[in-house]
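Asker: Can you build the whole structure from these sequences, using the hints too?
These are the residues of each chain, in order.
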Amino acid sequence: MATAFAMKPFVRTAALLLATVISFAAPAAQAKDELVIGVTQFPSSFHPGMDPLLAKSYVLAMTRRPFTAHDPDWNLVCLLCTELPTLENGHAKLTERPDGTRGIAVTYTIHPKAAWGDGTPVTSEDVVFTWEVGRHPETAIGAGAFFQRIEKIDVVDAKTFTLHFDRPAYDYNAINDLDLLPAHIERAAFADPASYRRRTAYDADTTNAGLYYGPYLITEVQPGSHIVLEPNPTWYGEKPHFRKITVRVIENSAALEANLLSGAIDYIPGELGLTLDQALALEKRHKDRFTFIYKPGLKYEHIPLNLEHPALADRRVRQALLHALDRDALTRRLFAGRQPVAHGFVSPLDPVAAPDLPTYAYDPKKAAALLDDAGWRMGKDGVRHNAAGERLSLELLTTIEDSTRRLVQQVLQSQWRKAGIEVRLRNEPARVLIGESMRRRQFTMAMYFSFSAPELSPRGFLHSSQIPTAANNFAGQNRSGLRNAEIDALIDRIEATLDPAARRDLWYRLQVLYAQKLPALPLYFRTDPYVIPKWLAGITPTGHQGPSTLWVERWHVLR
Amino acid sequence: MTDARRSLGIAAAATLATLVVLAAAAPLIAAAMGHDITEADLLQRYEPPSLAHPLGTDELGRDVLLRLLYGGRISLTVGIVAAIMAASIGTVVGLLAGYFGGRLDTMLMRVTDGVIALPLLPLLIVLAAVDLGELGLPPAIAESERVSLYRIILITALVGWTTVARLVRGTTLSLKSRDFVRAAAALGAGHVRIMAVHILPNAASPIIVATTLAVGQIILFESVLSFLGLGIQPPLPSWGNMLTNAQEVIWEAPLLAFYPGVLILITVSACNLLGDAIQEWLDPRAVVRR
Amino acid sequence: MIRYLAERIVQGLVVVAIMSFVIYGLIGLMPGDPVDLMISANPQLTTEDAERLRRIHGLDRPIWERYAAWATSALQGDFGYSRTFARPVLEVLGPRLANTAALMLGAFAVALMIGLPAGIYAASRPGSIADTLVNLASFVSISVPTFWLALMMIILFAVTLGWLPASGLPTGPAGFWEHVRHLILPVATLAIVEAGAYVRYMRAAMIEALRHDYVRTARAKGASRTRTILGHALRNALVPVVTVMALSFGGLFSGALVTETMFAYPGMGKLIFDSIMGNDYNLALVALLFATILTLVGNLIADLAYVALDPRIGLGTGPGTERAR
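For the record, the sequence lines run as chains E, U and R. In this text, residue positions in the first sequence follow this note's numbering: the first is 1, and each later residue adds one. In this text, residue positions in the second sequence follow this note's numbering: the first is 1001, and each later residue adds one. In this text, residue positions in the third sequence follow this note's numbering: the first is 2001, and each later residue adds one.
The set of hints was computed from the structure by calculation and includes no laboratory data. Treat the hints with care, since some could be wrong.
[Claimed, not checked] Computed footprint of chain E on chain R, listed as stretches where at least three residues anywhere in the stretch have a Cβ under 8 angstroms from a Cβ of chain E:
1) 2025-2034
2) 2049-2063
3) 2149-2155
4) 2165-2174
5) 2257-2265
Don't be surprised by glycine CBs; every beta carbon is placed ideally from N, CA and C.
Answerer: Written as structure tokens, this is what we have:
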């Protein structure tokens, strides 16, 4: 009893010390009206239409809203407009163009209270200005082709306008890429279109409130380090909860994780955060501190095969390659089953995903039979040879930046070796892989993901007109070199079919063909891990290219 | 040379020799243990040490001990071969510059300055993308997975020779005015002979020391390249890329980062100690540099 | 002497001119370009968009043509715009240089403050336990991979102990001390990896100096050990060390890529890396040339010291041996 009494002052001091250390350690914990987000990439430029970068769309989605976007359930919704125009509700109308072909006129109304951060209302004039900038060949706007398709804009009134498209496309009412620019600020910079890129206020004066109309304004930018956002008084939507949001950039993911644990950052979003295996390991240790959301999405991790390669030109070899892989075990062991095995290029979350497709289960016997059949017989050295004595030796290319791919690559190599397929690994920086080896089709097999959008036409990477060649200056992304008349016809029809049900049938047929022809080996749909502190709620990952920050005003602190 | 330093030098040499022998014997040890280091076993990830795997298994279920030994083969090869190549280039440049002096000296020294200032990164990326097959190398080399190894050796040698060049030039400058060199010249010895027979042996000490130190530095350099993703590529293990891969799992399997880190530490320290010892042994009066 | 200086400056200008072309060419030779990466960030972009962007960014023009255009305007003082930041190059470089100066000079100073006294102390008692410990510590310092040390520092001081911020710059209006607090870990990391080399230089030079006859004489005349060391030997021993410092001076301003990456600190190292990777010619070129010029200046100072002093003292460990930080 006496000892216990004597211990008290000591205990009290220790507790006090501990409390000091803890409060020192996690200053963010007390100030719950501030949020620090940690991401791995810094947006170099802030212009909404130029140099698309995930980090940029992530940050800008807090400060501005596209007219239309896909919501977390993948339905197209209005964010800046008041009602989604459709043929059914009469706001979209088929038109006849002067040359007799069909076009479409789509009418939108801007949210009545929408205003730029400096108080100037968002009007149809801004829309017309944005279109002028976007269609001008000298400005470096990314989605130029989209603006080219708009032939004319009718200004109905200050808040209502009609877009005239040159063709009735399946996605006629999705204008996600119409990134609105403030005419009252940007018109001066656009006086000389060629130098617009250098004069735009988005980069010259990034913290100008007049550039934004979303729930937040950018109030501080420290290039390479952080961006600070504060609420926008003119925001027309639900009032955001956080008084201040800081986006901190920590490119090294090990350091990013350490920052999270130290309390320097609160939340790591899946869009630009930890690797999946890192998040899985973190969950084991810190289940009590963080909520983990694993959202598979539109990043289709696959291995395009160069169909000009003599061995890969044979479909049996391509099928054998897939039968020899235990993709289930791979995703179960490496990714705790969080990354669903892909059977085609369309995400199962996409409304047009086919319910059942030809699949290629792990079946070493079948793989062996297919290879025997194709003339590749097992040699004494454990590698298959054909009649001419050539070894079945392929090269697998991937990017150096991605540590998970480096692991997967070695697993694949090891599994294929068992089937008698020798695979050599080669790695290149992403810019070389995408910009050179794939562009010029100097590859045998390559592993990377392609990013899609809901119902996005696969013309770019499946249509035979999109095979990069020297003749077309290596344009197009059909890098496998797939040539199939039926697939071409299906893509053409999908783009021109306005009836959703009819379009869905075409999509199903296309996916079956893809799985049969196998121009690429589907691996899985990449899963983004969201590491959310227990006190933070309201974050809904989308799984598509629309960042979760499009609904940042719903984020709040749990009581 | 004090006894303590001598024994340190011997210990360093013995450590390095042990590492080299163990690394060289890696395939034998692998055969004896019955493991294949490129074989991924997803059921055995992050196994703790056991009889079958004395240091446990890594993120793909491969034996860590064997990976370290194989990694040692690569790291030590890179270090030793690149250091020797760099020393050779540096010696030739330094000898020519110091011996002939004048314009040639000025030119070579400014080239040296340029190389010191040369940005390594674009060089690495350019070289990483050059198709070695098109340069006339046999496909056996150009298509092998060891290509990343050859590239790193080449690059390191191409930019790492400047130290030796400066050292040799300095020594040559002071040697060429010495009596024995002048005497040799007076007796009609040719330039090449004078450089090879009279100057080079006297410049050997700094060259050897610089080379020994370079081995360690290059091993460290490879680890930085691995950190940037430009180092030795899988499936070849190197201490550098093992260390880099381990950083993301540092909480789950801290030992995976510990082992390669310690091996790098031991190797670099041993190279430094050995360099010191050689220096004192060759030239007891001279300064111990670095 | 003046002639020598003039000659060196002219040579230096020639080297800078050649280097500017070599660097431009190297970046130009790098296969691939960032336009294709943009497409992978926005699936809606079409191939036509890519071609147009390539043309606007001038990526489709021959390299010599672009270089000539750049060189012409650079000679008139216009270094152009950064492609990625869409801002004038000098405007982008300014703050990064300031950050780098704070980080690198801080680390340099700390490394010297640890390295020089430790080297002197060890040299004054060769073979003692203290000497052995200092040597061991210097080996650890020389051989520890920077990114590994950085991660350990973050885990220990930011995560486990929670004493210091794990990264970068403070946000908002932060006072001087807040900046200092954020700098402690990166500066300490860099200082630790650099101090070892200075210990070795200093110790070696001091041992050499202590062997000289005049030092022995001073000692025999009854001067105290401390007095001998500080008063007589140090001045001589500092000469090679100062030379080494001059040689590493230029390297300071090309930043410390690994340290900056680990601590998310926006300095020159990261900027140069990113600008090269992103084909941002103007930015990469100016940043690299700046580093080149400083390297040349450092080498010139080192050579001057070399010319002025006894060549036998030995030198030649240039920044080429400097490890990548």
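Asker: Now, for every hint given, state plainly whether the structure supports it.
Answerer: Hint-by-hint comparison with the structure:
1. Judged by the Cβ-Cβ criterion of 8 angstroms, the stretch 2025-2034 of chain R is covered by chain E as claimed, because 5 of its residues qualify and three suffice.
2. Chain E is given as covering the stretch 2049-2063 of chain R, and this holds because 7 residues of the stretch bring a CB closer than 8 angstroms to a CB of that chain, at least three being needed.
3. Note: the stretch 2149-2155 of chain R has 4 residues with beta-carbon separation from chain E under 8 angstroms; the three-residue rule is met and the coverage holds.
4. A stretch counts as covered by a chain when three or more of its residues have a beta carbon under 8 angstroms from one of that chain; for the stretch 2165-2174 of chain R and chain E the count is 7, and the coverage holds.
5. Closer than 8 angstroms: that is the beta-carbon criterion, and the stretch 2257-2265 of chain R has 5 residues meeting it against chain E, so the requirement of 3 holds.
Going through the hint list in order, the structure satisfies each hint without exception.
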